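Chemist: Protein chains in written order, with the numbering used here: chain Z, 1 to 156; chain S, 1 to 190.
If you're looking for bench data, these hints aren't it; they were derived computationally from the structure.
Quick caveat, the model's predicted, so the values are computed rather than measured.
Beta carbons: idealized from backbone N, C-alpha and C, even for Gly.
Be aware that one or more of the hints could be misleading.
[Claimed, not checked] Here are some, though not all, of the chain S residues that point toward chain Z, as calculated from beta-carbon distances under 8 Å:
#1 Leu90
#2 Glu92
#3 Gly117
#4 Gln135
#5 Pro141
#6 Ala147
#7 Gly151
[Unchecked claim] Now the stretches of chain S that chain Z is said to cover, found in silico as 3 or more residues with beta-carbon under 8 Å:
#8 48-56
#9 68-81
#10 121-127
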Amino acid sequence: MIQVQIASQITPLGVQGIRWVLVDPTDSCNATVPTPVDMLTAAVAPVEPSAERSLLSMGVLKLGVTGMGLGLALWTAQAWLGAPTAPGLGPTAGQRATERAAVLPPVLAAPAPAPTLPAATQPAPTLPPDRAAPAATVEPAASAPAAAPLITAELR
Amino acid sequence: MTDKLDWHDEAELLGVRVRAYFFDPAEVDARPDFVGRQLPILRGSPATLLAPEGQRSGYRVAALLAQPDAVLSHGSGLLCLSYKGGDGRLHEPGLWRRQWRADVMLQCVAAAMAVSGDRQQPTAALWRGANLLCQFDPSPPVLECLATHIGAAQRYWREPLQVSPAQLASFCEPRLRVLPGLAAPVAAAV
Chain Z
1 MIQVQIASQI TPLGVQGIRW VLVDPTDSCN ATVPTPVDML TAAVAPVEPS
51 AERSLLSMGV LKLGVTGMGL GLALWTAQAW LGAPTAPGLG PTAGQRATER
101 AAVLPPVLAA PAPAPTLPAA TQPAPTLPPD RAAPAATVEP AASAPAAAPL
151 ITAELR
Chain S
1 MTDKLDWHDE AELLGVRVRA YFFDPAEVDA RPDFVGRQLP ILRGSPATLL
51 APEGQRSGYR VAALLAQPDA VLSHGSGLLC LSYKGGDGRL HEPGLWRRQW
101 RADVMLQCVA AAMAVSGDRQ QPTAALWRGA NLLCQFDPSP PVLECLATHI
151 GAAQRYWREP LQVSPAQLAS FCEPRLRVLP GLAAPVAAAV
C-alpha cells in the first residue's frame, strides 16, 4: 500500500493537518504493464470477446422486444375486434352488425305501441279524447312482461 | 508572520472544505515572481518551484498519473497547483459557490494525491482561477473514494496504462454526489 498525505491547511511557513489515505498499487486493470507487442495485438484485434457478446445479447434483446410488441399488438387487435375468420380474414356479417351496433349511438326506445284490445272490450271509438288519454298511459304498464301488480293482487 | 492565512471565504462543497482568496487580476498578474503571481496569498513566503516555470513533471501513484501545472516546496510539504484548468471566468465573491465546478476541484485533489504518493510528502491541493485562489481540504470519504476507485476508473475509461486526475474525478463525482451528507453544501464565512 502507498501512503498518500494531503495537507488540510497551509500556513505562511508550510503545511499543517495531514490527512492520510492508502492507495493499493495493485488496484489496476492490469497488474503487469503490457509490452508493446501485447498492445499491438490488442490494437489489431477486430472485436473483443466481451464486445461481441454484448452485441449478440443486444440483438437477442431487440428481437425479444420486437416480438413482445408484435404479440401485444395482435392480442389487442383480437380483444377489440375479435378473432379473424378464415375466408379473407374479415369479419362476418354478424360481427359487422355487432360492430355497427356498438359504434352507433344508443337510440331511445320507441314508445310501446298501444295494445290492440278486442273490439268488444275496447269501445275506443266511443270514448272522448280526454278520457282515452289516461287509459293509454296505464295500458303499457299492464302489458309489461313482469305484470307485477296483477300477480300481487292474485297472491293477496 | 501569523500562522493563519487571510482567506476571504470558506465553504464545504461536496465533502471538500474550500478556502477562497479573491484578488485583483490586473494587479496580481503583473507581479514578477511566480509565487506572488500564482499564489498571491503566499506572497513573500519561502515556497519554491520544484521545476522551472512552465515545465510539467509527471507524478504517479498506482495507475494515477498527474501532471500538475506547478509543484512547489513549502516548508516540510508540497503545494500542488493547477491554474490552467477551469473556464477563465471571474468569480463573484458572493456567488462563487454557485459558479463552482466540482470536477475541477476533484481533479486538483486527485493530482495532489498523485504528487504526495510519488514524493511521499504531505501535499496541499490548490487551484488558481482568474481572480480566485482556492485551497482544498478533502474529507476522509472523498479521499477514500478517490483512492479506491483508481482501478475502476482505469477500466471504465479503457486506459491500459494509467488514468488521469480528470478521468478519476469525473468517475468519482457521481459517486460522491450520492454519498449521504456530502451533497448538501454548508457554507460559512471566515
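Chemist: Please go over all the hints and tell whether each is borne out by the structure.
Modeler: Each hint tested on the structure:
1. Leu90: Constraint on leucine 90 of chain S not satisfied, violated at 23 Å.
2. Glu92: violated (24 Å)
3. Gly117: holds (5 Å)
4. Gln135: For glutamine 135 of chain S, the interface hint holds, since the closest Cβ of chain Z sits about 6 Å away, which is under 8 Å.
5. Pro141: violated (10 Å)
6. Ala147: holds (5 Å)
7. Gly151: Since the shortest Cβ distance to chain Z is 4 Å, the answer is holds.
8. 48-56: With 0 residues in contact (Cβ-Cβ under 8 Å with chain Z), the coverage given for the segment 48-56 of chain S is violated.
9. 68-81: holds (count 6)
10. 121-127: holds (count 6)
Violated hints for the displayed structure, listed by number in ascending order: 1, 2, 5, 8.
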